[in-house]
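Student: Whenever a hint applies, use it, and build me the whole structure from the sequences.
Now for the letters of each chain:
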Amino acid sequence: MFSQYFGHYLLNKEMITSEQLKAALELQKTTHVKFGVIAVDEGLLTTAQVEAVHERQKQQDKRFGEIAVELGFLSNEQVEYMLNVQKNNHLLLAQAIVDQNYMTMDAFSKALNDYKRMYSLSDESFEAIKNGDIDAIVKNIIHLAETEKQEYAQYLSLFVKNMIRFIDEQAYIELNPVTSELKVDWLVTQEIKGEELLLTAIAADEKIFLEIASIYAEEELTEIDELAKASVSEFLNLHNGIYLVNMSNYGIELDMEPQIVQQNAILSLDKDESMNITVHTSKGHFQLVLSKLPKHVVFSSANQENQAV
Amino acid sequence: MQNQLKVLICDDSALIKKKLKNILEVCKCKEIEEAENGVEAVQKASSFLPDLIFMDIVMPGKDGIEALEEIMREQPNIKVVMASSAGTQSHLKKALDRGAYDFIQKPITLEAVTSIIEKVIKGEKEDPTHV
Chain A
1 MFSQYFGHYL LNKEMITSEQ LKAALELQKT THVKFGVIAV DEGLLTTAQV
51 EAVHERQKQQ DKRFGEIAVE LGFLSNEQVE YMLNVQKNNH LLLAQAIVDQ
101 NYMTMDAFSK ALNDYKRMYS LSDESFEAIK NGDIDAIVKN IIHLAETEKQ
151 EYAQYLSLFV KNMIRFIDEQ AYIELNPVTS ELKVDWLVTQ EIKGEELLLT
201 AIAADEKIFL EIASIYAEEE LTEIDELAKA SVSEFLNLHN GIYLVNMSNY
251 GIELDMEPQI VQQNAILSLD KDESMNITVH TSKGHFQLVL SKLPKHVVFS
301 SANQENQAV
Chain S
1 MQNQLKVLIC DDSALIKKKL KNILEVCKCK EIEEAENGVE AVQKASSFLP
51 DLIFMDIVMP GKDGIEALEE IMREQPNIKV VMASSAGTQS HLKKALDRGA
101 YDFIQKPITL EAVTSIIEKV IKGEKEDPTH V
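From first to last, the protein sequence lines are chains A and S.
When you line the first sequence up against the UniProt record's numbering, it's residues 1 to 309, in that order.
When you line the second sequence up against the UniProt record's numbering, it's residues 1 to 131, in that order.
There's no promise every hint is true.
[To be verified] Lysine to any residue pairs mimicking SDA-like chemistry, simulated, CA-CA at most 20 Å apart:
id, chain 1, residue 1, chain 2, residue 2
1, S, Lys18, S, Glu34
2, S, Lys94, A, Gly251
3, A, Lys34, A, Lys58
4, A, Lys29, A, Gly132
5, S, Lys79, S, Phe48
6, S, Lys21, A, Glu226
7, S, Lys21, A, Glu218
8, S, Lys79, S, Arg98
9, S, Lys21, S, Ile121
10, S, Lys93, A, Gly194
11, A, Lys161, A, Tyr250
12, A, Lys193, A, Lys292
13, S, Lys18, A, Glu218
14, S, Lys93, A, Asn246
15, S, Lys21, A, Gln60
16, S, Lys94, A, Ile252
17, S, Lys21, A, Ala217
18, S, Lys62, A, Gly132
[What the hints assert, rightly or not] If the Cβ cut is set under 8 Å, some of the chain A residues that face chain S in the computed set are:
id, residue
19, Thr222
20, Glu226
21, Ala230
22, Ser231
23, Ile242
24, Glu253
25, Met256
26, Pro258
Since the hints were derived computationally from the structure, they do not count as laboratory data.
Cβ atoms here follow ideal geometry from the backbone N, Cα and C, with glycine treated the same way.
Tutor: Put into C-alpha cells, the structure is as follows:
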C-alpha cells in the first residue's frame, strides 16, 4: 500500500521513471522480505531465536511462523501481524528498485527520510504508514489536515479499503484541486442523507468504467450495457452501505438514495464544499467526487438516464 | 440441495439479480422469479406466492422496508430476507419490527444464501401448519 504512494513520490521527484516504477511494483508482487528479517526489525525476535527457528526448519517442513509459535517465541496474533507487515513492507519496493539498479540503497533511504520530513511525520505515524495503515495514510498523506476535510477522512479510508478489497489491491488515491466543472463519459452518483448530507460520485471514462464493471461483476464485460452500469453503481452502493453501517456503529444513523447513472455528464461543483479525488488503479484512474452540499452540485447530461440499474 | 422452494428476488440492480439467481440455481430452488422494486415485489408476492423473498432495502419508488410491511400484512407466511449493503441499526430494527425473517449483509455470498435456505427448509419441516 505504502509502495504506491512512495513510488509515485519518487516518480514526481524524477528519481525513477514511470516504466521503472511500473516494473518495480510488478516485481515486488513476487518478492518476499524474509520473515526472520521482519521479526528482528520489528523487535519481536532476537537473532538467536531466528537461528533456532531456522535450525528447526531444517528438520521439519513447516513455515517460519508455525515453528516460532510452537517454540513459544511468538503468539498467533504476532504471526498475523508479521504477515501483514510482510505484505505491506516498504522494504519490498526498496528491494525491487535497488535490485534493478534504478536507485542505490543510500539514495532510497535518503528519499524515504525526505518524504518523512516533507509530510512532517512523527516516527509513530511513519511506521504506521510504511506498514500500510490506510487510516494513517489518508490522514497524513492526502492533506486532510484542515478541519473541514477531516470529515471526509473516514469515508476516504473506507473507500480505499473497499477498492483494495473488491477492485484492485494496487489502488491508491490522490487529492486534486477542485475544478468547478467536471466533464465525464460516465457518472454514478449516490446521495447519503440523515444527520450528515454527502453526495458521492464516481466519474470515469469509458475504458476504466468497463474495467471496474468487469472486475466487480467477475466477468469480462465488453460494452457498457445494463450489467456494466449495474456493476459500477453496485460497487458504490456497497461501499456507501458499509460506510452507513460503520457510522451507525458510532451512533450516527444515515440513509441513502438509490444510485443514478448518467452518460456524458457535466458535474458542477462548489469548490469550498467538495472534494475531487483521483483513484489510481493498475487499469487506469477515475475520479471520486464528494460534496457536503449536494444541492450545490449540478448535473447536466445530454443523455440523462436518471435510473437505478 | 434440491428443494421445493419458490423464491422471489427483489433488487433494482441487474448485477445482484443475476448473481443471486445463479446462487439460487446452484441451490436448486424449484422456481425463481424477479422483481425490480418494492411495488413489483408486493404484486408478485400475491401472484407468484413465493416461500422466500430476498429483498433489497434501498430501491427507487417503494423501498424494501415499505414492501416488507405490505407483504407481511397480506402474506404473513412468506419469509422475507432483507439483503442490503446498509445493515444499519435503524434498518435492522425496522426490518425486524416489520417481521423480516433474516438479514444478509451484501456482498451476497453462496454461504449466506445456503444457510438461509437450509434454515427455511428445516423450519418448514418443523412447522406442521405450513402448507
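Student: Just to be careful, I want the Cα atoms of Lys93(S) and Gly194(A) compared with a cutoff of 20 Å; is the pair within it?
Tutor: holds (17 Å)
Student: Tell me if Pro258(A) is really an interface residue toward chain S, meaning its C-beta lies closer than 8 Å to one of theirs.
Tutor: Pro258(A) check passes; min Cβ-Cβ to chain S is 5 Å, inside 8 Å.
Student: Taking the least C-beta to C-beta distance, is Ser231(A) closer than 8 Å to chain S?
Tutor: holds (5 Å)
Student: Does the structure keep Lys21(S) and Glu226(A) at a Cα separation of 20 Å or less?
Tutor: Holds, at about 16 Å.
Student: Less than 8 Å between beta-carbons is the criterion; does Thr222(A) satisfy it with respect to chain S?
Tutor: violated (16 Å)
Student: Holds or violated: Lys93(S) with Asn246(A), Cα cutoff 20 Å?
Tutor: Holds: Lys93(S) and Asn246(A) sit about 16 Å apart, inside 20 Å.
Student: Should the hint that Ala230(A) touches chain S count as held when the rule is a Cβ pair under 8 Å?
Tutor: The hint holds - Ala230(A) has a Cβ within 8 Å of chain S, the shortest such distance being about 4 Å.
Student: Please verify whether Lys18(S) and Glu218(A) have alpha carbons no more than 20 Å apart.
Tutor: holds (12 Å)
Student: Taken at face value, is the distance from the CA of Phe48(S) to the CA of Lys79(S) at most 20 Å?
Tutor: holds (14 Å)
Student: Compare the distance between the alpha carbons of Lys34(A) and Lys58(A) with 20 Å, and conclude whether the hinted pair is satisfied.
Tutor: Holds, at about 16 Å.
Student: Hey, Lys21(S) versus Ala217(A), does the alpha-carbon distance stay inside 20 Å?
Tutor: This hinted pair holds, its Cα atoms lying about 14 Å apart.
Student: CA of Lys21(S) to CA of Gln60(A), is that 20 Å or under?
Tutor: violated (47 Å)
Violation of the numbered hints given earlier is confined to hints 15, 18 and 19; the remaining hints are satisfied by the structure.
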